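K.L.:
Below, each chain spelled out in residue letters.
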Amino acid sequence: MNIDYSQETPLIAGRLDLAQIEELIAQPMDTKPDRKYYIALSISVTALLIGAVSLGLTFYYGIGLWGNNQPVGWAFEIVNFVFWVGIGHAGTLISAILFLLRQKWRTGIARFAEAMTIFAVMCAGIFPAIHTGRPWMDGYLLPYPNQHGLWVNFTSPLLWDVFAVTTYFTVSLVFWYVGLIPDFGSMRDRTTSKIKKTIYSIFSLGWRHSNRHWSHYEKAYMLLAGFATPLVLSVHTIVSFDFAVSIIPGWHTTIFPPYFVAGAIFSGFAMVVTVLIFVRKIFDLQNIITIDHLEKMNKVILSTGMMVGYAYSMEFFIAWYSGVQAESFLFLSRAFGPYAWAYWIMVSCNVLIPQLFWFRKIRRSIPLMLIIVIFVNVGMWFERFVITVTSLNRDFLPSSWAYFTPTMYDIGLLIGSFGFFFTLVILFTKSLPVVSISEVKAVADGAQPTHHGGAYHE
Amino acid sequence: MSQTDFHYQKKELPANLTKFSLVVLAIGVVLSLIAFFVDRERALFSYLVTYMMIVSIAVGSLFIVALEYIAGADWSTPIRRIPEFFSRLLPLLFILVIPLLVFNHDLFHWAHKEAVAEDKILQGKAPYLNITFFVIRTFVFIGLWSLFYWVLIRNSRKQDTTKDQNLTTKNIRLSAIFILVFAISITFTAIDFMMSLEPHWFSTIYGVYFFSGIVVAALAAITLAVIMLKERGYFSPWMTDDHLFSLGALIFAFINFWAYIAFSQYLLIWYADLPEETFWFLTRWNGNWAYLSILLIIVQFLVPYFALLTQPSKKDPKRLKFISIWLLFAHFIDLFWLIMPNMNSMKDGYVFSWIDFVFPIAGVGLIILVFIISYKKDNLLPIGDPKLKRGMDFHL
Amino acid sequence: MNNDKNLYCIAATFNTPDEIINAAKKVSGAGYTHFDVNTPYPVHGMDDAMKLKPSKLGFVTLVMGLAGASIALLFMYWSLSIDYPLVIGGKPYFALPAFIPVTFEMTVLLATVSTVVAMIMLFFQLPNNKHPLHDTKYMKSVSHDKYGILIETNDDKFDEKEVENFLKNLKPLNIEYIYYPPEETYSIFQPKFLLLLAGIALVVSGGTYFSLNKLMFMTPFNWMMDQAKLIPQKGSELFEDGFGMRKPVTGTVARGFVPYPYKGQVNPTEVLANPFLPTKENIALGKAKYDIYCSPCHGYFADGDSRLRGQFPNPPTLHSQRARDFSDGMFYHIITNGQNIMPSYESQITRDERWAIVNYIRVLQRAKNASDADLTEMNKEAGSNVAN
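These protein sequence lines map, in sequence, to chains A, B and C. Numbering follows the working numbering, with no gaps: position 444 of the first sequence is 444. Heads up: take any position in the second sequence, counting from 1, add 1000, and you land on the working numbering. Heads up: take any position in the third sequence, counting from 1, add 2000, and you land on the working numbering.
Among the clues, some could well be false.
What the hints assert, rightly or not - EDC-like, lysine to aspartate or glutamate: derived pairs with alpha carbons at most 16 angstroms apart:
#1 C:K2140 to A:E23
#2 C:K2091 to B:D1106
#3 A:K197 to C:D2135
Rather than coming from a laboratory, the hints here were simulated on the basis of the structure. All figures in this text were calculated on a predicted structure; none of them were measured in a lab.
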């Protein structure tokens, strides 16, 4: 391969001009959905309904319907929660961290990834709420002056979760909306339908593309990115605290916070790539979401996959090195005990298979990439399963050891969460610009003054 | 102004800098030797702190070089030679590490046969913590670092004359492998030389903790060198605030990362409150060590955090220079805090001794000297690098 | 109406970013202050070309971030250390490391949300869909792919002819005059609007009432309470005798049980002798138990002054001659067996405590019925100088 390093790789292929970019991005919203769209939607809604039924039955009969037992008190629902929160990390990572690192290739994918963040956090939020057993009492999770005179336990990581997830959801939503305002403005000015125009006007807040506004807007975007970055880290860190502050072997280990964050980025990117592969194909966005972008994301997947692998090995090594019997037993039990199958699925999907991304050909091949990222998604779900279930199923007392088997309600809820997620994603693709119009315009060829940044030299 | 017609002309470093570094090094070495004869154990522990400091800057610099290659960053290309110069310290580690290996009995509790014989846990760790394996590991790691230093920097220098873009491609691949090696090697270096000083204690995040400190130290050293050279006109006229801002922002990010890792480790151990883990922090809360523990938070996190919080402060050369020196000092304190309380005689609190101050003097002299030697052999700018022009034209 | 009065601004559009930067420099250089540049995306270097000051938005973020941090910390400190202190996991009340996560989240939440709100409401003065620029050709082109600059009529230097010539010299694509939209008049007292208001009021108040007074007290299911289980003091169909509580097997004897053979007898006093001497400790025990079990009816000093305010008949005083003549055994028997409407206290008060109560009653009786001779005796004990 011969790359010219003296030139930046173009962010938008095909030398599109501003009007063409806008046309391309607005296309899905201007056209009526076709049959394929309805087929996709009906599949995801079916999955959603399966989940809704499982959820309804869970509400009615209680969480005894699940497979949770003693000592495996945390199982599928916690696994799903951690899985979805993890998926939700890619969006803010792409929009905030890559923004601060000035990785301009993020512009093509940031909007979509942010939307996925919001939907994933919505999916995640369901699980702890129903895991309380009586979800109608979840109001007690918030510190409000009540007739019992009691306050919530601020020293509990489960409560930190309440704050972390709600803050993360709110900030992601705000961040997303701020990014959408100029696009609503553009949509308002190009649409011919009166109803659409009213809706876009309301959401655009009367945006005028004024540079006096852009100046504050860019500052605000910078500030939001600056806050969102540590926020992303904090959310999965706090999720890891749920496990790590306890004294259960396999849960209590100091590497959990960075390890969970790396895993979250890993799984989040895999999910974003999975969805983007379809989106760029269906909506003809190959020029905006280029193969270069996907390759870069695959590199991130490769590197975070290695970080996760590093954490697996560190845990194993220190479990042996510590000389604590319970620790070393647990790790042997993970790898060779009753859940060895789950452990090896996790290792092969998360550490071994992504190694294929060392090859440039594979990083740039759509079908192979799709297979690998789906494996990563599966592997990351199993990682949370391994952490949660295998640490509990053989606890300190051998007399209470028990094997966890999920019931159909557990599986129904898992399917339902995917249905919920993809239903929202599918609806999103037709109702809002899936790529940021103004940001992509800003990085198009010839969009910036030729004396780029000349103002600094005056 | 335009850089299309930019021609690099080498500008020599001031001659008295060499003299200065030689004098400092000589004084440091003499005092260090005296220290060794006065109190060997104390001197070894003190020496270990300085040794780890040099490891931090040397390996950290090579990591920054590799990071630039794999991230495809262009802003740092014109200053890439600075970390390359610092990483020349790596082959020297072969010599520097010898006192630690020879006198391992003074440093490491697990090297005491009679102690291991009575201790079940240490017996369990013996397959890892034994002198033979320890020495092999140490030399393998230093060997790997030197090897990667040698090939990466050779390719980079070759490019100065050949301007061959394939060398960049080669270095990108090498960097990817180096970062793997780096992750594993610094983790086990940290475990071997610092965590195993207290052989009963363990923490899975330890390698990451050391990594976060390494990067801060390396970035601080690089920034300091860049600003000192910039002040004397070595980087004119192309260097702008934006280059400094990028350095400042990276430092800011990594002090936050350090704080995050340090807090995670502390919180988890404090919260679970298991005796086999907490005693390590309790030792660092004994007597006047408590002041150092608090000081560490202030010095390594709070002060630089607020100093670099706002956007203008990240590109203010004076402030950056000050913070760079400050952070080098902070990383030194961090290593001091990790290493010194493990001395048996200081478990209950720090006992002052002049010995602690002589090794850093030698270290500073050595680092400056190595920098000067590297500078003489090399161009200050990687003039053959295809990304150089992009890097010079870099704007936010 | 005069056309000038209606004019909002004169605007020009350009094709390339270079032209617009140049135009902005010229306009700001000519001393205009009320002008604006509209571009479909932020153009680099425009802030300097327009001579805009750096955004002050950061101050809002800083202040609100600090506020978030301190509010969170103070609240956690107040609720867990002052209002309802509770030891959790052996940690101190003010467990600072454990408060850091929530403090951090609150900092981020308050800082980001207020930054965005301040930006939109204060800095942008949005939402504003009635701005004269909306629905103009100019707006449509600048939100699409053109770059526009406009000079407002309220600029001090504004002069229609001069501005038009100035803009024309910049060689724009075209020049547009933008006018204020005609004012629309609204009347609040329209029946439709009032009806709408009433409707909203009804829905809001009804919704509030329903959710606060009804919804909050609804439980979707009560399986846990309704399950088949035995409830103390309640009947049950599970057992033949219909009782929910089980009786012990006939002949069961509780541990440490000593039978009381005089149950139901009127006066078995001869055989019952007090095994305890009235020591200080014993009387203290008696007082404690008396105050708990006896005093509600008999009064603290055995005067028969009940604190039950007539809810239960008052017992007679224990200072009557008859009561003082009771033997210790008689008191013991009455406590154990009950008398008249006084129930048996056998199950509440242990045997030793019963004897202690008896001793205490003796103390009360003695104290309430002191004679002059007692006084002299006491004086003697206390020392003769107090006697007179």
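K.L.:
Confirm or reject each hint.
P.N.:
Against the structure, the hints come out as follows:
{"no.": "1", "hint": "C:K2140 to A:E23", "in the structure": "14 angstroms, holds"}
{"no.": "2", "hint": "C:K2091 to B:D1106", "in the structure": "38 angstroms, violated"}
{"no.": "3", "hint": "A:K197 to C:D2135", "in the structure": "11 angstroms, holds"}
Violated hint for the displayed structure: number 2, the only one.
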